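Add chain P to chain W, keeping to what the hints say.
Top line first, the protein sequences correspond to chains W and P. Read in order, the letters of the first sequence are residues 1 to 633 in full-length UniProt numbering. Read in order, the letters of the second sequence are residues 1 to 124 in full-length UniProt numbering.
Just to be clear, a hint being listed does not mean it is correct.
BS3-like, lysine-lysine: derived pairs with alpha carbons at most 27 Å apart [to be verified]:
#	chain 1	residue 1	chain 2	residue 2
1	W	Lys56	W	Lys69
2	W	Lys90	W	Lys112
3	W	Lys238	W	Lys90
4	W	Lys56	P	Lys107
5	W	Lys112	P	Lys78
6	P	Lys78	P	Lys107
From the structure, some residues in chain W lie toward chain P, with a derived Cβ separation under 10 Å [unchecked claim]:
#	residue
7	Asp36
8	Thr38
9	Leu40
10	Met41
11	Leu43
12	Arg45
13	Thr49
14	Asp80
15	His82
16	Met86
17	Ser107
18	Asp109
19	Ala113
20	Pro130
21	Val131
22	Ile133
Please keep in mind that the hints were generated in silico from the structure rather than gathered at the bench. The structure displayed is predicted, hence computed values, not measured ones. Note that beta-carbon positions come from the ideal geometry of N, C-alpha and C, so glycine has one too.
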Amino acid sequence: MLNPGQGRGPDSGVAGGSSNSDPFPAGLRVLVVDDDPTCLMILERMLRTCLYRVTKCNRAEIALSLLRKNKNGFDIVISDVHMPDMDGFKLLEHVGLEMDLPVIMMSADDSKAVVLKGVTHGAVDYLIKPVRIEALKNIWQHVVRKKRNEWNVSEHSGSVEETGQREDGDNNSSSANNEGSWRGSRKRKEEEVDEQGGDDKEDTSSLKKPRVVWSVELHQQFVAAVNQLGVDKAVPKKILEMMNVPGLTRENVASHLQKYRIYLRRLGGVSQHQGNMNHSFMTGQDPSFGPLSTLNGFDLQALAAAGQLPAQSLAHLQAAGLARPPSLTKPGMSVDQRSIFSFENPKIRHGQMMNSGGGGNKQMNLLHGVPMGMEPRQFTGGGQMRVQQQQQQLSGGRAVGQNVQSSGMMMPVGGGPSMLQQQQQVMLSSSVPRRSETSSSSRVLPAAATTQSVVFNNFSSELPRNSFPLASAPGISVSYQEEVNSSDAKGGAGFGNPSYDIFNDYPQQHNNNNDWDLQNIGMVFNSHQDTTTASAAFSSSSSTQRQRAEHVQNHHQQQQLPSQSRNHMNGGGSVRVKSERVAETVTCPPATTLFQEQYNQEDLMSALLKQEGLPLVDNEFDFDGYSFDNIPV
Amino acid sequence: MGKCMQGFLDEQFMELEELQDDVNPNFVEEVATLYFKDSARLINSIDQALERGSFDFNRLDNYMHQFKGSSSSIGASKVKTECTMFREYCRVGNAEGCLRTFQQVKKEHATLRKKLEHYFQASQ
Numbered sequence: 001m002l003n004p005g006q007g008r009g010p011d012s013g014v015a016g017g018s019s020n021s022d023p024f025p026a027g028l029r030v031l032v033v034d035d036d037p038t039c040l041m042i043l044e045r046m047l048r049t050c051l052y053r054v055t056k057c058n059r060a061e062i063a064l065s066l067l068r069k070n071k072n073g074f075d076i077v078i079s080d081v082h083m084p085d086m087d088g089f090k091l092l093e094h095v096g097l098e099m100d101l102p103v104i105m106m107s108a109d110d111s112k113a114v115v116l117k118g119v120t121h122g123a124v125d126y127l128i129k130p131v132r133i134e135a136l137k138n139i140w141q142h143v144v145r146k147k148r149n150e151w152n153v154s155e156h157s158g159s160v161e162e163t164g165q166r167e168d169g170d171n172n173s174s175s176a177n178n179e180g181s182w183r184g185s186r187k188r189k190e191e192e193v194d195e196q197g198g199d200d201k202e203d204t205s206s207l208k209k210p211r212v213v214w215s216v217e218l219h220q221q222f223v224a225a226v227n228q229l230g231v232d233k234a235v236p237k238k239i240l241e242m243m244n245v246p247g248l249t250r251e252n253v254a255s256h257l258q259k260y261r262i263y264l265r266r267l268g269g270v271s272q273h274q275g276n277m278n279h280s281f282m283t284g285q286d287p288s289f290g291p292l293s294t295l296n297g298f299d300l301q302a303l304a305a306a307g308q309l310p311a312q313s314l315a316h317l318q319a320a321g322l323a324r325p326p327s328l329t330k331p332g333m334s335v336d337q338r339s340i341f342s343f344e345n346p347k348i349r350h351g352q353m354m355n356s357g358g359g360g361n362k363q364m365n366l367l368h369g370v371p372m373g374m375e376p377r378q379f380t381g382g383g384q385m386r387v388q389q390q391q392q393q394l395s396g397g398r399a400v401g402q403n404v405q406s407s408g409m410m411m412p413v414g415g416g417p418s419m420l421q422q423q424q425q426v427m428l429s430s431s432v433p434r435r436s437e438t439s440s441s442s443r444v445l446p447a448a449a450t451t452q453s454v455v456f457n458n459f460s461s462e463l464p465r466n467s468f469p470l471a472s473a474p475g476i477s478v479s480y481q482e483e484v485n486s487s488d489a490k491g492g493a494g495f496g497n498p499s500y501d502i503f504n505d506y507p508q509q510h511n512n513n514n515d516w517d518l519q520n521i522g523m524v525f526n527s528h529q530d531t532t533t534a535s536a537a538f539s540s541s542s543s544t545q546r547q548r549a550e551h552v553q554n555h556h557q558q559q560q561l562p563s564q565s566r567n568h569m570n571g572g573g574s575v576r577v578k579s580e581r582v583a584e585t586v587t588c589p590p591a592t593t594l595f596q597e598q599y600n601q602e603d604l605m606s607a608l609l610k611q612e613g614l615p616l617v618d619n620e621f622d623f624d625g626y627s628f629d630n631i632p633v
Numbered sequence: 001m002g003k004c005m006q007g008f009l010d011e012q013f014m015e016l017e018e019l020q021d022d023v024n025p026n027f028v029e030e031v032a033t034l035y036f037k038d039s040a041r042l043i044n045s046i047d048q049a050l051e052r053g054s055f056d057f058n059r060l061d062n063y064m065h066q067f068k069g070s071s072s073s074i075g076a077s078k079v080k081t082e083c084t085m086f087r088e089y090c091r092v093g094n095a096e097g098c099l100r101t102f103q104q105v106k107k108e109h110a111t112l113r114k115k116l117e118h119y120f121q122a123s124q
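The shape of chain W in the complex, shown without the other chains (with noise of 0.2 Å):
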């Protein structure tokens, strides 16, 4: 018989806080519900030798008052699976979306379809009953990773997407998380953003916008926010308090839901192909965009799957025929486009799309072109509800006329902090009309050129970061961005072009800067064409591009190049890069300015659809058509 008297006391270091320096975990709030009192009564003591401050709760709906009633009350959930008022994982997706606090499930029943529900739920651990102890001495890990997590989440982290489930750690010895590469994979990238994290946590915490990670659980939290609140009346402000996750702003709840919107939109009307795109974009106006928002919807899965680098995501929307880099990057092409958008097309004036007409338009087009396609993937990524917005706001702007479009560009949407300062730059670069639209304002201002990489770089970064763990697409949003950014790059020779990488969030100027004030031009039809196609294609044509910008640019008004041209390279904000494209694209034929704007946008459509070899819907981006009369070419 044991000796009683041998418990696991405080000392035992079941804790694990043998320093008695740092209390922790000791202390952890644990709630713990199972509708076992006998299981309950043993977790309790059992939590308590570990030192943890245990509430212990036999009703599901009782701890989830509980925790609204105590928001910052809880470290961790503790939750059964089977209960009798409320599924275990349904008191999971509640915890996880209004309180996002790591929930672990437990049960007698170790099926591997239940475990894996409890993954897919977004349980950080699933424990298999009888618990041990020594299960439970560990769970404070998750509370930490969480954190860490979250930190992550707004911080400037880099390419790893942080997942709310972190595979448990080693000692969890009931838990039935060991296993699967997949954790392997997750503890790797978990690690690698430690690696980041640590870093960035010192220097940036306090300094840098938070850019938000959509990772899946996030983003899972996010769709129970909005589908309680119902997809149509859901409003950022309200989803962000369901959501309630520290460090989420509203701005980024807003962009992301722009986005969502959109993607789902794409889900709806995929088989129809036409409709939603168009629909999202442009207020369904433009029907062409249907088919590319397709394609690039299809593209950008096949990009999704990539994941989230910026590279990948090129690569496969060149794979997956998005980018049609040979057509595209031919001089003729950018012709043709410029001929699509002939500016017959009312369509295309209205700016729905290509609200090229403001600043806004490179990124409209984006949207509403082959970017559009991709924005509903993307819209994980955050870039689509970025162009969203501009769009939004370019159509607002175009009415304004060319050179107002830079001012109308200026997006009074506003869609999101990007936007705005998109629309500052389109501002600054009143001078450039044509600019302003295209390229999201740092093309506009030639000036401000800096700005606008800053700008840029905002959307860059805001696009990378938005993993929408979409089903579809996650690394459409990252493929988004590339897009963007590459056509930036190429775009972007005007201005003192950052050099876009793709993957730079800050332009650098290295490459493009002189040369593409007048390459710019050429380039924005290129840019165009290749990123809507591949990012990745445009890094290699941007070179050809440049050249052809150049020759572009030649006929065209040069100073619109160059703040269009900045425009592309900052890609910063992969959408302004689209935009200002258009707007490149568009000032490159004499036509009006009109056309111009347009033309950005169209020529990315047509671009896209052409290399689908998609009719375009609508007339105007009909790719057959391709007559463009008026450029210069």
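Frame of chain W, contents of chain P only:
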């Protein structure tokens, strides 16, 4: 745990004993008491469900799932084994198997109760 308990209780029971200390000197007994009270309720529900003759296997399985969970948490290994068998019969929809097995469940449950009562009395 003496020989009499062998087979009836597994290492989980020992885990519980390790949780007992000077601050919680009667922890194991408290848990056992709670277990028998709760499991009696479950046994009752299952009895009634079986007597009805409707054999709602889902419902029966649900009850037994809970019962099994409790039993395993205190280390009642034999009871747990019978529970597993019962659930298996539920799964295949074998009413007679359920009835038979349930008798075994009750028997093991009663045996364990007696043994633990002695055990706690002996340790007082």
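Tested hints:
no. : hint               : result
1   : W:Lys56 x W:Lys69  : holds, 15 Å
2   : W:Lys90 x W:Lys112 : holds, 18 Å
3   : W:Lys238 x W:Lys90 : holds, 21 Å
4   : W:Lys56 x P:Lys107 : violated, 32 Å
5   : W:Lys112 x P:Lys78 : holds, 25 Å
6   : P:Lys78 x P:Lys107 : holds, 10 Å
7   : Asp36              : holds, 5 Å
8   : Thr38              : holds, 4 Å
9   : Leu40              : holds, 9 Å
10  : Met41              : holds, 6 Å
11  : Leu43              : holds, 9 Å
12  : Arg45              : holds, 5 Å
13  : Thr49              : holds, 6 Å
14  : Asp80              : holds, 8 Å
15  : His82              : holds, 6 Å
16  : Met86              : violated, 15 Å
17  : Ser107             : holds, 8 Å
18  : Asp109             : holds, 7 Å
19  : Ala113             : violated, 14 Å
20  : Pro130             : holds, 4 Å
21  : Val131             : holds, 8 Å
22  : Ile133             : holds, 7 Å
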